[in-house]
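Trainee: One line per chain: the protein sequences are A and B, in this order.
Position one of the first sequence corresponds to residue 1 (this note's numbering), numbered consecutively onward.
Position one of the second sequence corresponds to residue 1 (this note's numbering), numbered consecutively onward.
Keep in mind that the hints were calculated from the coordinates and are not lab data.
Do not take every clue at face value.
To be verified - Below, a list of computed lysine-lysine pairs in the DSS-like style, where the Cα atoms sit at most 30 angstroms apart:
no.	chain 1	residue 1	chain 2	residue 2
1	A	Lys128	A	Lys40
2	B	Lys83	A	Lys200
3	B	Lys83	A	Lys40
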Amino acid sequence: MNPFDLRGPEFLLFYFCFSLVVIFTITILRRRAESGPAPKIDLGDPYLIAYLRGGEQEALGVAVISLVDRGMLVMNDQVIRCADHVTRDMVKHPIEYEVLKKFGDPGEAHSIFKDDNLKSMFRPYRDKLERAGLMPDADVRRDRRMRLLLALMALGVVGVIKIVFGLSLGKPVGFLVVMMIAAMVIAAFTTFKRLTARGKETLADVTNLYSGLRTRVNSLSPGSASAELAMFAAVFGVAALATTPFGYARTLFPQATSSSSCGSSCGSSDSSSSCGSSDGGSSSDGGGGCGGGGCGGCGSS
Amino acid sequence: MKNTIRDRVGLGWRRELAVGILSHLDRIDVVEVIADDFFDAGRDERRALRTLAAQTTLVLHGVSLGLASSVPVDTKLLEKTAKLCEEVEPEYWSEHLAFVRGGGVEIGHLTAPPRTDATIEGAASNLERARAVVGSAPLVENIATLIDPPGSDYDEIDWINSIMDSAPCGLLLDLHNLHANATNFGYDEMEFLKRLPAERIVAAHLAGGKWVEALGERRLLDDHLHDVPDAVYRLLTELAALALHPLTVILERDGAYPPIEVLLSQLDRAREALAEGRLRQFERIEKEAA
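Isolated chain A, as found in the complex (with noise of 0.2 angstroms):
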């Protein structure tokens, strides 16, 4: 049967049939070839899971709600400055440094995510995430726009020979043009994916793994234990915190936190974040240090 001699509710039918098996195609190539038993990765380091996870822009707000609850970032609402005590000594992660050099001038937490430079610092991980096959090199990246060529091919070949053969006998070829043109677009997007299937799977292992802190956070109090506190927003996001004690993360990052769990109380201040002046005062605690004044240590270096 020639499939082209189908009219044109049966061809639609066929085509739609078809895509789905080029789809599936593809996608099952590259999870095959980009899958793999588990790399040794550094699955203590919550910005390299954070960047695994959602890249910069999530690794970053890990960072500032890490630093603020170590009191090393004080919070006036969604305005942030470092602390006036906090010294360059005081932290040995490059990419903590940075943010608190950042906010040796106040800004709002948010503006980490506009900052080029700070987007820079996350290059090693990327690099050391694409050696361990958890995101696409450059080889995986040009195996997939070979598998998506060869999807497209097959796609816009069938699709088009039917095109032709329609405005040949006069008939409608709309419908079959949208379809073709949606088979393509969910091709690619189903190609493009930011992790490999090996990053993908990994990052599930991840979570997996740190399953149990999704318990312990409501145990946990500000202050007290930032290792986890950073590991839970790297694993399950800063948008998880939003109904823990860590609740100023709301306050922070409130479209991030939107999506989550605050309602109505979006953007107003907590118990952990409200500041009555600007008056330098402690600094110490997670959250908790108001004020306003320049940093110290971490903005001059």
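Given the structure of chain A, go ahead and fit chain B onto it with the hints provided.
Mentor: For chain B alone, kept in the frame of chain A given last:
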């Protein structure tokens, strides 16, 4: 003389300790996972366990086989152990010399069986079945008990040695169990340790416990909720002085979790105890050679 024996020190995997463990793998040489937690786990959980195994040396520890019993071990449990070992490829797996069920009833606790010929033969038979099904024999672990098992014909050391004589397996020596039993039943723990076949002690467990009232007496309960007492480190030093091969030492903590730094400091102390024992061993060997 330099200590060339590469002993390793690690922690029992608990989800509550995940951040502490995974953030300090430079100070944790090996992680021990409770095998039973994964017997009926889904595909995702088992894959996560393989991911954990990719990060560090992993060993499996069972709690439900009930090896020391005249009742044959449940074949299904052995098959689950075998499947898990095949998937995770642990360096070794271990089980307790305990019974956990009788007459079809699950006791829900690691219980000391009567120390008789029947349980020695039963344990040997079960160990042989375990080796046949899993592909390797488990290390067997001595257990703690608050009561001397009634109906026993052997004391604990002779009973363990008889099982070791009749089954080709290594020993996972729980030093706190040894300390607790020696304390509760009034025998010399160092003598007990010296009578064990040192060449077959592959690994050791460290843990803590608390004093409880039992049968009108004060007894030491091995609850894994407290810090490791000094006596256990002394036993570890003695063990390191006796064993000529590398040891794997696991700190067990099942609750009341302190900050990870506290547990890491206990691992450091275990390393010191091992180093002290190794030094004593080398001095002894040098003296004998001279």
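Trainee: Each hint: holds or not?
Mentor: Taking the hints in turn, this is what the structure says about them:
A threshold of 30 angstroms between alpha carbons decides the hint, and for A:Lys128 with A:Lys40 the separation of about 11 angstroms falls inside it, so the pair holds. Between B:Lys83 and A:Lys200, the direct Cα distance comes to roughly 25 angstroms. Compliance with the 30 angstroms bound is thereby established for this hinted pair. Among the hinted pairs, B:Lys83 with A:Lys40 is consistent with the structure: their alpha-carbon atoms are about 23 angstroms apart, no more than 30 angstroms.
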